[in-house]
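Trainee: So the chains spell out like this:
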Amino acid sequence: DVKVTQSSRYLVKRTGEKVFLECVQDMDHENMFWYRQDPGLGLRLIYFSYDVKMKEKGDIPEGYSVSREKKERFSLILESASTNQTSMYLCASSSGDRRGYTFGSGTRLTVV
Amino acid sequence: KNQVEQSPQSLIILEGKNCTLQCNYTVSPFSNLRWYKQDTGRGPVSLTIMTFSENTKSNGRYTATLDADTKQSSLHITASQLSDSASYICVVSASGAGSYQLTFGKGTKLSVIP
Chain A
2 DVKVTQSSRY LVKRTGEKVF LECVQDMDHE NMFWYRQDPG LGLRLIYFSY DVKMKEKGDI
62 PEGYSVSREK KERFSLILES ASTNQTSMYL CASSSGDRRG YTFGSGTRLT VV
Chain B
2 KNQVEQSPQS LIILEGKNCT LQCNYTVSPF SNLRWYKQDT GRGPVSLTIM TFSENTKSNG
62 RYTATLDADT KQSSLHITAS QLSDSASYIC VVSASGAGSY QLTFGKGTKL SVIP
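Quick mapping for you: the protein sequence lines, in order, are chains A and B. The numbering of the first sequence is the working numbering, which starts it at 2 and goes up by one. The numbering of the second sequence is the working numbering, which starts it at 2 and goes up by one.
The hints are simulated quantities; they were obtained by calculation from the structure and are not laboratory data. Watch out, some of these pointers could steer you wrong.
[To be verified] Only pairs whose alpha carbons sit at most 25 Å apart, straight line, appear in this in silico DSS-like list of lysine-lysine:
no., chain 1, residue 1, chain 2, residue 2
1, B, Lys72, A, Lys58
2, A, Lys56, B, Lys58
3, A, Lys58, B, Lys2
4, A, Lys54, A, Lys4
[What the hints assert, rightly or not] Coverage of chain A stretches by chain B, computed from C-beta distances (three or more under 8 Å per stretch; other residues unrestricted):
no., segment
5, 34-43
6, 103-111
[Said to hold, decoys possible] So these bits of chain A aren't anywhere near chain B, every CB distance computed over 10 Å:
no., residue
7, Gln7
8, Leu12
9, Arg15
10, Phe21
11, Val25
12, Asp27
13, Tyr65
14, Glu73
Remember, it's a predicted structure, so these values are computed and weren't measured experimentally. The C-beta atom is built at its ideal place from N, Cα and C for all residues, glycine as well.
With the sequences and hints as input, model every part of the structure.
Mentor: In structure tokens form, the structure reads like this:
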């Protein structure tokens, strides 16, 4: 089974800090995604990548950036964390045919 | 605009009872539909995936149905257990080049009580 690993389950950061959320997948998937999930809003796509060094904006990219230097790793960066970025962050990866679509366990980020 | 609507928003049932969750979608062109189970504070875990030609898929006590003509899907849970308490999310994928994104429903929160 594909394993998608997010480096932290819980994070607490201060307003203005630069925050890195790391995601690693072990199945050589081309596509990787970052979502945030908030009550009543469901999952919203922040950024995705379909190849190394490639990135595409999702629905809510403002305040975020991403990095994909290696195929298996996709990082989400909060350049200057704000309290409205307190959320559950979910990473996912998928194969080229998009049938295998697997989520990580999530990172609960709190910005104080 | 592609949309996925789930109902009900929340549901409480007694342990051992059956229940059915609904999903209506307007995603086009349709590629596949997935149901995920998400425990509180964890990432979603896939239960089933169905393509256009499949109208039923089972995974243990979970059975998903798909009617591609009416663009409706349901997830039926048989003989519910306390561990079934979770949010269930319906996700639809469009076909075509560049269709990397999925359209998510907002989920149905199921509570199974003793």
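Trainee: Does each hint fit the structure? Answer for all of them.
Mentor: Against the structure, the hints:
| no. | hint | result |
| --- | --- | --- |
| 1 | B:Lys72 <-> A:Lys58 | violated (28 Å) |
| 2 | A:Lys56 <-> B:Lys58 | violated (34 Å) |
| 3 | A:Lys58 <-> B:Lys2 | holds (18 Å) |
| 4 | A:Lys54 <-> A:Lys4 | holds (21 Å) |
| 5 | 34-43 | holds (count 4) |
| 6 | 103-111 | holds (count 6) |
| 7 | Gln7 | violated (8 Å) |
| 8 | Leu12 | holds (13 Å) |
| 9 | Arg15 | holds (22 Å) |
| 10 | Phe21 | holds (19 Å) |
| 11 | Val25 | holds (14 Å) |
| 12 | Asp27 | holds (15 Å) |
| 13 | Tyr65 | holds (16 Å) |
| 14 | Glu73 | holds (17 Å) |
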